[in-house]
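Participant: With chain E fixed as given, assemble chain W onto it according to the hints.
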Amino acid sequence: MESLKNEIKKLIVDSLGLEDLSPGDIGDDVPLFGDGGIGLDSIDALELGVALRKKYHLSIDSGDSGAREHFASVNNLVKFVQIRGQKTED
Amino acid sequence: MSGETFFRVPLYRRVFLEDADGRAATDLGFVDPMLKRRLSPLAKLTLSVAYECSKGVPDPRLVYASRHGEITRTLSMLEDLAHGEGVSPTVFSLSVLNATAGLFSLIFKNVEPTTAISSGRSSFGYGLLEAALRFAEAPSRPLLYVYSDEPLPGIYGEKHAREGASRVALAILLWEPAEGEVYCSTSSLNAPASDEAQARAFLRCFEHGCSDWSDGDKTWRWEKSEGGGEYTTAVGTRTDAT
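Protein chains in written order, with the numbering used here: chain E, 1 to 90; chain W, 91 to 332.
Hints in this document: simulated from the structure, not taken from any laboratory.
Here a beta-carbon is modelled for each residue, glycine too, at the ideal position from N, C-alpha and C.
Among the hints, a few may not be true.
[Claimed, not checked] Only pairs whose alpha carbons sit at most 27 angstroms apart, straight line, appear in this in silico BS3-like list of lysine-lysine:
hint, chain 1, residue 1, chain 2, residue 2
1, W, K314, E, K55
2, W, K126, E, K54
3, E, K10, W, K134
[Said to hold, decoys possible] Partner residues are not named here, just some residues of chain W that face chain E (Cβ under 7 angstroms, in silico):
hint, residue
4, P123
5, R127
6, G176
7, P179
8, T180
[Unchecked claim] To give a feel for the contact side, a few chain W residues facing chain E, derived at Cβ under 8 angstroms:
hint, residue
9, M124
10, H173
11, E175
In isolation and in its complexed conformation, chain E is listed as follows:
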């Protein structure tokens, strides 16, 4: 759980090119999108979707009304990956 959390934080920093942040700077429950959090935007959401799909073989349906909820914070992403993900070998 803890290692998956750190892995996802690292994935966020690396895939989105967040030069000024280290994985440890992202709080578990801090909002990733919008004001008052990390401040990611809609392109980041798509980019993160591609990265998650690649790493965990997630299928994210663009019509999934829960997507906003799954992507809201690191903790939510961890739950999402645990339920729906399938880690690739690398």
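Facilitator: This is chain W only, laid out in the frame that chain E set:
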């Protein structure tokens, strides 16, 4: 038939940056950090010269020229597709030739019209012609011309190696009162094709007063003169029967 084109470029300011090792120190303090992280090395260099060259003047119209544009991004998308992987939305959204021109508009909240030009080995020269033509439409207002290119990735072969091994960006502000001007002309002289990149040949005219470049078919010539004097609209063509 052979033709000749000639035009004058009033030089208010010019800025040239070269990045041989991918580590050019560019001050991008004017770009929001959340946007800056998405910029390619070419976009960073391009925006740097654009910013330096247009500092303190009213919002300029923009002409952007590049032979290959964001070719490195395009290639990375093609590679992802070849490997059956998804395409990065960031890379996709910033891969087109006029992406950097669009970023310029967004960053400086400049809503003046923009043209993007690509024209083979002569992309720099035709971009400058477009800039002179558009400047002549309204010479009381500044026009920013920006050219940039980077070496083609190795997968495209050695054929283009002569175009130079570094990333370059050149910005010219066309406006009055000009510090000097460059008289540009093309002719159908049969000179052997030049080995250097066209923009570099252009820059030589500032050292030697005059320089030439040929694509093997058409020869370009640039002559520099000091002082501006009154700007006269001078873009034209001559056609000689041969």
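Participant: Run every hint past the structure and note whether it holds.
Facilitator: A quick look at each hint next to the structure:
At most 27 angstroms may separate the alpha-carbon atoms for a hinted pair to count; K314(W) and K55(E) exceed this at roughly 57 angstroms. Using a Cα cut-off of 27 angstroms, the hinted pair K126(W) and K54(E) holds, with the two alpha carbons roughly 25 angstroms apart. Proximity of K10(E) to K134(W) is assessed by CA-CA distance (about 25 angstroms); at most 27 angstroms being required, the pair is judged to hold. Interface hint at P123(W): satisfied, since its Cβ lies 6 angstroms from the closest Cβ of chain E, which is below the 7 angstroms cut-off.
For R127(W), the suggested interface contact is upheld, since its CB lies about 4 angstroms from the closest CB of chain E, less than 7 angstroms. The beta carbon of G176(W) is positioned within 7 angstroms of a beta carbon in chain E (closest approach about 4 angstroms), and the interface hint is therefore held. Hint status for P179(W): holds, given a least beta-carbon distance of 4 angstroms to chain E, under 7 angstroms. Below 7 angstroms, beta-carbon pairs count as interface contacts, and T180(W) has one with chain E at about 5 angstroms; its hint therefore holds.
Hint on M124(W) holds. Least Cβ distance to chain E is approximately 6 angstroms, under the 8 angstroms limit. Look at H173(W): its Cβ only gets to about 10 angstroms from chain E, farther than 8 angstroms, so that hint breaks. A hinted interface residue such as E175(W) counts as satisfied when its beta carbon comes closer than 8 angstroms to some beta carbon of chain E; here the least separation is about 6 angstroms, so the hint holds.
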